Every structure is written in C-alpha cells, then in structure tokens.
Amino acid sequence: MPKKLNKDKQKTTFEAQDESGVEEGQMDAMHEHEQEKQPANSDMPSTLDLLNAIRLFKQEFHTEMGGIMSAIGAVQVDIQKCGGRIDEAEKRISNAEDEITLLKNDMESLERQAKFLSKKVEDLEGRSRRNNIRILGIPEKEEGTDPRSFMEKFISDTLKIPPPVLERAHRINTRQSSIANRSRAFIIKCLSYRDREGIMKAARTIKELSYKDNKIAFLPDLPAETYRQQRQYDGVRKKLREIGLWKHRIIYPARLLLTNEERTQVFDTPADVDVYIKSLKQAQNA
Numbered sequence: 017m018p019k020k021l022n023k024d025k026q027k028t029t030f031e032a033q034d035e036s037g038v039e040e041g042q043m044d045a046m047h048e049h050e051q052e053k054q055p056a057n058s059d060m061p062s063t064l065d066l067l068n069a070i071r072l073f074k075q076e077f078h079t080e081m082g083g084i085m086s087a088i089g090a091v092q093v094d095i096q097k098c099g100g101r102i103d104e105a106e107k108r109i110s111n112a113e114d115e116i117t118l119l120k121n122d123m124e125s126l127e128r129q130a131k132f133l134s135k136k137v138e139d140l141e142g143r144s145r146r147n148n149i150r151i152l153g154i155p156e157k158e159e160g161t162d163p164r165s166f167m168e169k170f171i172s173d174t175l176k177i178p179p180p181v182l183e184r185a186h187r188i189n190t191r192q193s194s195i196a197n198r199s200r201a202f203i204i205k206c207l208s209y210r211d212r213e214g215i216m217k218a219a220r221t222i223k224e225l226s227y228k229d230n231k232i233a234f235l236p237d238l239p240a241e242t243y244r245q246q247r248q249y250d251g252v253r254k255k256l257r258e259i260g261l262w263k264h265r266i267i268y269p270a271r272l273l274l275t276n277e278e279r280t281q282v283f284d285t286p287a288d289v290d291v292y293i294k295s296l297k298q299a300q301n302a
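When the letters of the sequence shown are read in order and numbered with the working numbering, they come out as residues 17 to 302.
These are computed hints drawn from the structure, not numbers from a lab. Please read these numbers as outputs of a predicted model, since none were measured by experiment. Honestly, I wouldn't trust all of these hints.
[Claimed, not checked] Only pairs whose alpha carbons sit at most 30 Å apart, straight line, appear in this in silico DSS-like list of lysine-lysine:
(1) K223 / K255
(2) K135 / K254
(3) K157 / K176
(4) K263 / K217
(5) K297 / K231
(6) K131 / K120
(7) K205 / K135
(8) K263 / K157
Could you build all of it, start to finish, from the sequences and the hints given here?
Right, dumping it as structure tokens:
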C-alpha cells in the first residue's frame with residue numbers, strides 16, 4: 017500500500033485532469049447514494065455537497081489566480097519600462113550636471129573677465145578726464161557765446177593766477193539742474209596736466225570762492241563709479257574732523273591721504289580709516 021500511494025502522488029497534472037471525469041461520475045453516484053440514505057428534511061450538508069463546494073472553490077481559485085498572474089505580468093512589464101526610463105533619466109541628469117559644472121566655470125571666468133574689463137574701462141575713462149576740472153556755482157548764460165575765453169578770464173581773476181590755456185569749456189547737459197533751478201556745472205579741459213594741477217592747487221589755497229554772490233567750487237572731473245567710491249569716505253572724514261584731524265584728502269582713484277603728527281598715511285578703504293580712528297580713541301582713553 018505505501019508503494020501504491022507514492023505512485024499516486026507522482027501522477028502528473030494531466031493524469032489528474034483525466035481522472036476528474038471519473039471522480040465526477042463517482043461523486044454523482046455517491047450523491048445519489050447519499051440522497052437515498054439521508055432523510056429528505058435533513059439540514060446537515062452531505063459529504064458530496066462538501067466535495068462540490070471544494071471543486072467549485074478550486075475552479076474559482078484557478079480563475080482568479082489566472083487573472084492575478086496576468087496582472088502581475090503586466091506590472092512586471094511596466095516596471096521594466098520604468099527601469100529603462102529611470103536609467104535614461106539618470107544619464108540625462110548626469111550629463112546636465114556636467115554641463116552645469118562647465119557653465120558655472122565659464123560664468124565665473126566671464127565674471128572675472130567682466131570685472132577686469134570694468135576696472136580697465138573705469139581707469140581709461142579716468143585717464144581721459146585727467147586734464148578736466150568741474151566748476152560749480154557759475155550762473156547760467158554768464159559765459160555768453162564764447163565759454164572758453166570766459167572761463168580763461170574767470171579762472172585768472174578768481175584764483176589770481178595767469179590765464180590758463182584751455183582746450184575747451186562747456187556746461188554739462190543735464191535736466192536735473194534745470195528742473196531744480198540750479199545752474200549747470202562747467203567742465204573745462206586744460207591743455208596740459210600741469211595747468212590743471214596749478215588751478216586745483218590755487219583753488220585749495222583759497223578757503224571761500226565766490227562769483228556774483230554765488231559760492232564757487234573747483235572739483236576734479238571723475239567717472240561716476242570713482243566718484244561713488246570716493247563718497248564712501250564722507251563718514252570717516254567727518255569722524256576725523258570731530259577728533260581734530262583736518263589734514264586729509266582723497267587721492268585718485270579712491271584712497272585717503274592723512275597727515276597726523278607729521279606722519280602721512282594712505283588708507284585704501286573707509287574700513288581701514290575707521291580702525292585707525294578707533295585705535296586713536298583707545299590710545300587717548302588709556
């Protein structure tokens with residue numbers, strides 16, 4: 017008997033399916049036999065009913081499993097497609113990161129080059145204005161039709177120096193001055209840098225300059241960026257005057273020249289001047 021059972025267990029699925037018809041015939045015979053044995057009004061399920069329920073459950077189970085396996089196969093296909101797309105996306109992201117790195121390096125190089133060129137242009141603009149002087153406070157239309165001759169005589173009479181030789185003289189064209197009812201500034205260009213320095217030196221020796229009850233100021237003609245950098249020293253220059261240091265001035269392009277106790281120092285930034293002021297105050301308090 018054990019050998020026979022082992023042989024029965026080794027039957028293939030196809031053999032089990034061939035025998036299903038025999039099993040169904042036997043189950044039908046058993047069903048008739050059970051009906052004969054059991055009373056008509058019995059509520060207990062018979063063995064055949066249980067076998068039919070099991071067979072129905074197996075059929076439904078195989079049907080549902082077939083659908084589940086089909087769905088799993090479709091999901092596997094989708095996962096494979098997604099995997100391929102992810103690999104492609106990773107490659108594109110890696111290439112994009114490499115391109116971003118190259119673009120970042122190029123941008124940094126261009127920024128350095130732009131800063132260098134900007135400083136170069138600013139320096140060239142400043143050099144082109146080296147012989148220029150900006151004069152403020154001259155009323156409108158005083159120059160008549162010949163501003164160059166007028167400015168040569170004006171400078172000689174105001175500063176008490178020989179008439180300089182000017183290459184040209186003109187007022188700046190700005191709407192802001194006319195709107196504010198202020199006279200426009202004069203720009204003069206000296207024929208030589210020596211004449212320009214002589215005019216500025218003479219203007220610094222006179223504390224107050226005036227023309228027809230208007231205050232006159234002689235200023236260097238600077239590029240806008242250089243002028244902005246020089247204006248950053250206004251705060252520290254005020255602090256220097258408050259502690260009694262008056263011998264200081266701005267030198268080109270934007271540095272401060274300070275003389276204190278017969279010692280002259282040059283500061284490159286307003287922060288350096290501020291540190292120097294704090295050191296003087298600490299020395300005084302010590």
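Given pair status - K120, K131, alpha carbons within 30 Å | holds (16 Å)
Are K263 and K217 close enough, with their CA atoms no more than 30 Å apart?
-> Satisfied, since the Cα-Cα distance of roughly 15 Å is no more than 30 Å.
Assess, step by step, whether the Cα of K205 is no farther than 30 Å from the Cα of K135, and give holds or violated.
-> Satisfied, since the Cα-Cα distance of roughly 23 Å is no more than 30 Å.
Is K263 close enough to K157, meaning Cα to Cα at most 30 Å?
-> Violated, at about 37 Å.
Quick one, are K135 and K254 close enough, alpha carbons at most 30 Å?
-> Roughly 28 Å separates the two Cα atoms, so the pair holds.
CA of K297 to CA of K231, is that 30 Å or under?
-> violated (36 Å)
Is the straight-line distance between the alpha-carbon of K223 and that of K255 30 Å or less?
-> Roughly 21 Å separates the two Cα atoms, so the pair holds.
Given the hint that K157 pairs with K176, test it: the Cα-Cα distance must not exceed 30 Å.
-> holds (23 Å)
Comparing the model with each earlier hint shows violations of hints 5 and 8; every other hint is respected.
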